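Peer 1: The primary structure of each chain is shown beneath.
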Amino acid sequence: MKNNVSFTRPIQFLLQKGKGVRKGNLLFSKKYAPYLMVSPFIIFFVLFFLYPIISTIHMSFLEIYPGERTFVGLGNYYKLLNPHFYTALYNSTIYTLWTLIILIPVPMVLAVLLNSKITPLRNVFRSALFIPALTSVIVAGVIFRLLFGESESSFANAVITQLGFSPQQWMMHHGTGMFLMVLLASWRWMGVNILYFLAGLQNIPQTLYESAEMDGAGTVTKFFRITLPLLKPVLVYVLTISIYAGFRMFEESYVFWQNHSPGNIGLTITGYLYRQGFENFDLGFGAAIGLVLLLIVLLLNLIQLKFFGVFRKGDE
Amino acid sequence: MGIMLAGCSSSEGSGSDGKVTLTLWTFVGQHAEFYQKMAKRWNQKHPNQKIELKAETYPYDNMHNKLMLSLYSKVGAPDIADIEVSRFPNYLRGKPQLVPLNDMVEPVRDRFIESRFDIYSKDGKYYGLPFHVGATVMYYNKDILDQAGDDPDQIETWDDYVRAGKKVKEKTGKPMTTVEITDVHNIWPTIIQQKSDFLDSNGRVTLDNRTNIRTLPFLRDMMDKHKIAIPAPGGSHHMEEYYGFMNQGGAASVQMPMWYMSRFTDYMPDLKGKMVIRPMPAWEKGGLRSAGMGGTGTVVTNQSEHTRLAKEFIRFSKLSKEGNIEIWKSLGFDPPRWDVWSDPELKASNEYTDYFGRGIFDQLLRLKDEIRSPHIDEPTPRLSNRVKSNVLYEALRRKNKSPEEALKDAAEEIRE
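Listed in order, the protein sequences are those of chains A and B. With the working numbering applied, the first sequence corresponds to residues 1 to 316, in that order. With the working numbering applied, the second sequence corresponds to residues 1 to 416, in that order.
Hints listed in this document are in silico derivations from the structure and should not be mistaken for laboratory results. Only a predicted model underlies this, so the values are computations on that prediction, with no experimental measurement involved. By construction, the Cβ of each residue, glycine as well, lies at the ideal position given by its N, Cα and C atoms. A couple of the hints might just be wrong.
Anything over 10 Å on all C-beta distances counts as not near chain B; from chain A, calculated [what the hints assert, rightly or not]:
(1) ASN25
(2) ILE53
(3) LEU74
(4) LEU114
(5) PHE130
(6) ILE143
(7) MET178
(8) LEU195
(9) ILE204
(10) THR219
(11) LYS222
(12) PRO229
The list that follows gives simulated cross-link-like pairs (lysine-lysine, DSSO-like), each with its CA atoms no further than 27 Å apart [claimed, not checked]:
(13) B:LYS401 <-> A:LYS79
(14) B:LYS408 <-> A:LYS79
(15) B:LYS225 <-> B:LYS37
Chain B with its partners taken away, still in its complex shape (with noise of 0.2 Å):
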């Protein structure tokens, strides 16, 4: 007995180089990447407090479940880790086993586009250090527009959009867009250009308020009444289906965030060069014309051994001019930190330059102060489920329920 009990012991802390390990989870391997690249900058920059970043890569759901436990039961957290937002209210509930960031967050708060530290917040506290803006824009097919003879610079309004759509369908005979059935990259935006939301700021849900029974309609009508929309084929933008359908030049636009760009470069490479991106289009003439979509809030649980340098690293790596530059580069997301934006590093040609072409910020820097987030707390992973698997399919695809009977029923539920 006992002989089997030798060989796996982990090796916490200071390491025999002087060098601090820390651990840290996510569930994309390319922030892992990131992580490393920036580790290593960290240590040139601070010589005398090197760290060892173990960066490990899990599948989405096997992370945040896994995160999840080692939270309640308190044991095995790691450092730092990855939280994607609609999973962060998950761990913002009772007492958040994470350590508050405002010490950071604040000194540089008005850098940033603010509402994306709020939507990582509780009870005034910043919790998570978001990744991008995620700023909706539409993303036009050039050579269909310009075949119908429509130019995406003349349209602001969504009056413009459709009348542009028309002549799209006319013309070609392909639609003007794609809508969403089991994703929310449509109807979620939409309502926040109206700065309207499926929670108010104070948590309560406002799903089935004027401004969405009023705008779930449009998207039907976009389908129905003016002909100019299809469902997305396979149900969302992220299936193989709509990826090989827009790529054969399927339909004029879609309406997805800017972390959108990496899933043109990867999946739909004969639209190289056809793409351009233009604000979305507005309400009315002067309003807003983006939201910040999606996300992925960065933490440092109370668990660590190491929480100052933990902290440190990320604030290194997510709030520093450096590390906003470095975002765009390695990952092509939309840095949060605006006053990078007009750096020349960001005109610097790589893959999303090739693509969209270089003026990608340019349209960006426009929206500066028109993006807006959705407010994130506690109903958001149930309400945006409901939103994901019945409400979309039961108002734009199965139409056994009018727009307004779906949010209605589905808001009711969740406030019960």
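Looking at chain A on its own, in the form it has when it is part of the complex (with noise of 0.2 Å):
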């Protein structure tokens, strides 16, 4: 009760003032009330995206030790050109795509299903494909480490070893690590698409298919030629995001090589960021690396934001 007055009295105080006085109150001026408004997000937004950009750039320059800065200019990005940041690069690639590959046809093909009545079921397995949205990546990646273990009684090599194969060690080749990585994230982020798409679906006029269905449109032609192309702007959403979400991957690897991975197997971008910047405490030269990260997503969302016609005007 005591609680409800306080909080309520303050703005009670402002109407009230604001009828009598309206002029040279801050809220009720027409010049500076928007200001006021957006403040809270350029306060935040300068504070915490605008400042630190600016100061990466300018580390990026830097040697930096404790109590001592030198400017190297361009010395850092020289570092870059080295084989391990390309097998960062390559994986980091490598595992981009498959995430594409795998990410955005399922959980579409998923959500269509999942959005028909006829599935049975369908609330039990919207909220069962979301849940490992919500688990922790770190404990999802602990059972992951123990499903795929090396011995042959993990469950993994378990299962194989009933197929007629013989059992792996994981963790160990480039292709099984890969593999690894791209299920979890897969696990992962299958519900989330999900999501996505499916609200992309709610969004599509059920007039739509009724008038197709008159015209003699099979199951197929509605999917292709009324679910796929209203569904673009999601798919282009979906898209920029994993791309994003692939190159910045850290966690999918950490998890199981605690950064460490043999013949850097599991090293990706930001894990090479990491070692460079925190393992090595090289500050300048991660915030190197983080730059070059941020133009590679950049560039590589523009190309696809302009291969899929976004930056048309008049299209939407």
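Two chains, each in its own frame: build the complex with the hints.
Peer 2: Below, the structure is given as structure tokens:
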């Protein structure tokens, strides 16, 4: 009770005051009120985005030691021309490609199924598929690590031995290592992407399908002629964040190898950034890696968005 | 406005009861408990100078990053912190933001395994106090050796070890040992006992020197030629897969530092009473039989407002006889102060003597003058990363490079 009073009182106070003296009150000033309203965002943006970005750009030209900062020009960027960074770039690219191949078509089809009224238990499946997104990736990673342990009695090895294959040392090879990371990511993000597509599907007017049916369109035709084109905005959005998420991936690799994968089979760009920036504490170099990562993601997404015609005016 | 700003304010310095608050960060829960015990004893001994120790435990990565950032930004660091040896050089770059401890170390240096101070030093200044010697030893599974008719006391050199291993393999079908692919507890001690290292005393890279190029193939030969070793299941001796394998009597021996005892007691309970601790095999008769591996240096940061007291407290905890005995009792480490090794308190029964027998420190006293430590310098974090993720994998596991190539490639890259 007491709380309620103290919360509402200032507002009432302001309102009452506002009636009397409008002039001079910031909240009712046409000129300043908008700035006041957006100021939380501006302050937040400047403090937590703009300043760090500018500071990162600045740092990427420095060599930073405790109590010492020396300007090294493009030195940190030259350091990037080394086989480890190429490995990281390669791994991140392959990983991103796999996640795009799996995490866009599959959730889309699943979303269509889950959206269809004839699917039994669809609410159960909807929530079941979303649960992994709520799980901590570190916890899930520990479970995955145990499932894919090296011993012959680990779950995955027991399964493939039953199927007639020989047991694998999952975390020791390039191919199986990539498989583990993609599998963990697919398991984790499937539900989230389904959610996006479901939201998109529910915006498609039912009447379109009805009229298509009258014209004799089958399920497949309806999917490709109505569902897919109308899902395009969602599709582009999911593609954009997936490219971003793929290249910035860190956790899926970290949980399996704690950033020390044999032969760098799990090294990603962000993993490399972490290794240089924090494990070796070369913050300037870390900043340079971060900026290159930003450029890569930005460039790929600009190309992709251009390709999908997002920048064309009057399209929507 | 302004109503929200009440509440959190931290009281620094002297509390109302005259106690001085010291903050301490560590990355191991047991370390924090150890310091709390020592703080209690400190307060009993120094009623006029009581301290209140706020020991906070963070995850390994988290603590090291947080500490580094607070030292960089010159705000928020604790009075005292534990820094793990492979990260320590990062904190010595540029102008170290830590307090030199020479005035405390120098008077007692000769009663310690001296190399343990050197790993936390720069330009003749000591910045960290060690927790343990980390003397590398060979843990033998007596059951398996008995089956093969081997006697661990007869194994003096690596040649003896290979010979004994072949008997084990022949009689039991089991490997003599396991070799780490993603960690350095096989390669590093075996080169240090030959007075070689990854770096020389000036911090120059010696990863690809003659000794090392001769030693890495020896590990490969144990696996491929003599067939007495296998890659450690899971990649290192700290993996679930390895613990399970070893616990079931998977291999006849393992080369690890003394602090690895707690992994046996915690993760391999079935080997209780079966394991014996012996020196590492030497390269020739009379050669060195150990090397000090791993470690944690306790430091005082330059942000401490109670530098003198913080220093006195870590001197009491880590340099005094009392503290060193407590290190063994609470943590099961081989304390760096060797003049306590023969103390009767170290023979008192605890979970380690129950597991390994009472002669643990008798073995260690034999090794006292043979324990060199690695040279730790600025390139160490990069170098050990490189060896852990590439060199061993390329040379021992994937075998796409010869040991020589793998070492040379890594050394050249770090030299650049």
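Peer 1: The structure should be examined with respect to each hint, and the outcome stated for every one.
Peer 2: Right, here's what the structure says about each hint:
For A:ASN25, the shortest C-beta to C-beta distance to chain B comes to about 15 Å, beyond the 10 Å cut-off, and the non-interface label holds. Remark: the non-interface label on A:ILE53 is consistent with the geometry, its nearest Cβ contact in chain B lying 18 Å away (cut-off 10 Å). In this structure A:LEU74 is separated from chain B by more than 10 Å, as the shortest Cβ-Cβ distance comes to about 16 Å. Chain B leaves A:LEU114 outside its interface by the beta-carbon criterion, the shortest separation being 37 Å against a cut-off of 10 Å.
No Cβ of chain B comes within 10 Å of the Cβ of A:PHE130; the nearest lies about 28 Å off, and the non-interface call holds. With 10 Å as the threshold on Cβ separation, the claim that A:ILE143 sits away from chain B holds: the shortest Cβ distance comes to roughly 12 Å. The claim that A:MET178 lies off the interface holds: its Cβ sits roughly 15 Å from the closest Cβ of chain B, which is beyond the 10 Å cut-off. With a minimum CB-CB distance of about 31 Å to chain B, A:LEU195 clears the 10 Å threshold, and the non-interface call stands.
At the 10 Å boundary, the C-beta of A:ILE204 stays outside the reach of chain B, the nearest C-beta of that chain being 45 Å off. At the 10 Å boundary, the C-beta of A:THR219 stays outside the reach of chain B, the nearest C-beta of that chain being 48 Å off. A:LYS222, annotated as away from the interface, keeps every beta carbon of chain B farther than 10 Å; the closest lies near 50 Å. In this structure A:PRO229 is separated from chain B by more than 10 Å, as the shortest Cβ-Cβ distance comes to about 47 Å.
Straight-line distance between C-alpha atoms of B:LYS401 and A:LYS79 comes to about 24 Å, which keeps the hinted pair within the 27 Å bound. Of the pairs offered as hints, the one joining B:LYS408 and A:LYS79 holds, with about 19 Å between alpha carbons and a cut-off of 27 Å not exceeded. Distance restraint check for B:LYS225 and B:LYS37: the Cα-Cα separation of roughly 51 Å exceeds the 27 Å cut-off, and the hinted pair is therefore not satisfied.
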